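**Student:** Sequence:
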Amino acid sequence: MIIFLYGPDSYRSNQKLKEIIKNYKAKHKSGLNFQSFDWSSSALNDIKNILSSVSMFDEKKLIVVKNACGAAKDNQGKMIEILKEKKALQDESVIILFFEAAKPEKSELFSWLARHVRMVECFESLIGAKLVNWVKKEIEKAGSLIEAEALEKLVSFIGADLWQMHNEIDKLVSFKAGEPITENDVDLFIRSKYDTNIFAMIDALAARNKNLAYKLMHQHLSLGENEIYILTMFIYQFRNLLQIKNLIDAGISYDALAKKTGLHPFIIKKSWPQLKNFSQDILKKIYDRLLSIDIGIKRGHIEPQTALDLVVGEIAG
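Going by the UniProt record's numbering, the first residue of the sequence shown is number 1, and it counts up by one from there.
Among the hints, erroneous ones may be present.
As the list claims (entries may be wrong) - Capping the alpha-carbon separation at 30 Å, the derived lysine-lysine pairs in DSSO-like fashion look like this: (1) LYS73 x LYS210; (2) LYS61 x LYS84; (3) LYS245 x LYS259; (4) LYS22 x LYS86; (5) LYS141 x LYS22; (6) LYS48 x LYS60; (7) LYS61 x LYS29; (8) LYS141 x LYS18; (9) LYS60 x LYS18; (10) LYS66 x LYS29; (11) LYS106 x LYS269; (12) LYS136 x LYS18; (13) LYS136 x LYS210.
Worth flagging that the hints you see were computed from the coordinates, not collected in a lab. Since the model is a prediction, treat every value here as computed from it, not as a measurement.
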């Protein structure tokens, strides 16, 4: 039997993975027939050997294989051949769980698993009412309640990053000790993912107001923000602008943008006035340039402060 879990929402896919492993270990106490692999060149032989061996204590085997869809093409082909040879789809004595920490690019193994495996689950990022309901249920599972206004603000602050959301829920629930979470609690403890000062900086760049953009940037730095965070927020917002601009140029209405993009309406609202100062081509050039600068920083080719000054100078210049 084969199970395939993947998707951009790595928090929920990891929770599902943990649940399957926990249930398996509860039934198969020895633990000797459980193996987990992060993909490597040796994984093929290891998996083949495990499938060929006799199970100890007459237990069902569980083999977890992580990120195999990103393997070299020839290795993916060999993996498929092993699965066919060992009749892994039909063999109920062995569970092979393929786990991808994101939504992989189309590949031979991905396509084969998607076509042939019956137990496939894709964890898309939660948006809208699904995200709100998930957060509310997680708070209730943690033993607390949250007021409607506080719930809306918490979701707007954090968005679909469920790893961060989990941490923030723990923080709020611990602080309230059984009392309902209020809007003031969210304001006190949670820092918005959508930093309004970042929007102000983008506004200044859009208006080609270089002096104001520099001033706002250095205010951020003086408050303890690091250069990498600011650059990451630039990349995040210009990716949003490019995505929204592409949809607008394709004839999508303002009211449909949040649903089409998966972005919170707050982001759409803040981005809308910035778009009038950028064409689609300019946005693409800026976004590509930001990615190039980000790579330059990570490879040590450019200092972060120099990179930020370069970004502001090029966009607002």
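**Student:** Assess, step by step, whether the Cα of LYS245 is no farther than 30 Å from the Cα of LYS259, and give holds or violated.
**Tutor:** Distance ~15 Å between LYS245 and LYS259 Cα, so the pair holds.
**Student:** With the threshold set at 30 Å, check whether the alpha-carbon distance from LYS61 to LYS84 stays at or below it.
**Tutor:** holds, 17 Å
**Student:** Does LYS141 pair with LYS22 here, judged by a C-alpha cut-off of 30 Å?
**Tutor:** holds, 19 Å
**Student:** Is the Cα-Cα distance between LYS48 and LYS60 30 Å or less?
**Tutor:** Holds, at roughly 16 Å.
**Student:** Quick one, are LYS136 and LYS18 close enough, alpha carbons at most 30 Å?
**Tutor:** holds, 22 Å
**Student:** Can the restraint linking LYS66 and LYS29 be considered satisfied, given a maximum Cα separation of 30 Å?
**Tutor:** Holds: LYS66 and LYS29 sit about 23 Å apart, inside 30 Å.
**Student:** LYS60 and LYS18: Cα distance at most 30 Å?
**Tutor:** Holds. LYS60 to LYS18 sits at ~17 Å (cutoff 30 Å).
**Student:** Is it true that the CA of LYS136 sits at most 30 Å from the CA of LYS210?
**Tutor:** Given that 30 Å is the threshold and the Cα spacing comes to 43 Å, the pair is violated.
**Student:** Taking 30 Å as the top limit, are the C-alpha atoms of LYS22 and LYS86 close enough?
**Tutor:** At roughly 26 Å apart (the allowed maximum being 30 Å), LYS86 and LYS22 satisfy the hint.
**Student:** Check the hint pairing LYS141 with LYS18 against an upper bound of 30 Å on the C-alpha distance.
**Tutor:** Between LYS141 and LYS18 the Cα gap is close to 17 Å, so the pair holds against 30 Å.
**Student:** So if I understand the rule, the pair passes when the alpha-carbon distance is 30 Å or less; does LYS61 with LYS29 pass?
**Tutor:** Status holds; Cα separation ~12 Å.
**Student:** For the pair we were handed, LYS106 and LYS269, check the Cα-Cα distance against 30 Å.
**Tutor:** violated, 34 Å
Comparing the model with each numbered hint stated earlier shows that hints 1, 11 and 13 do not hold.
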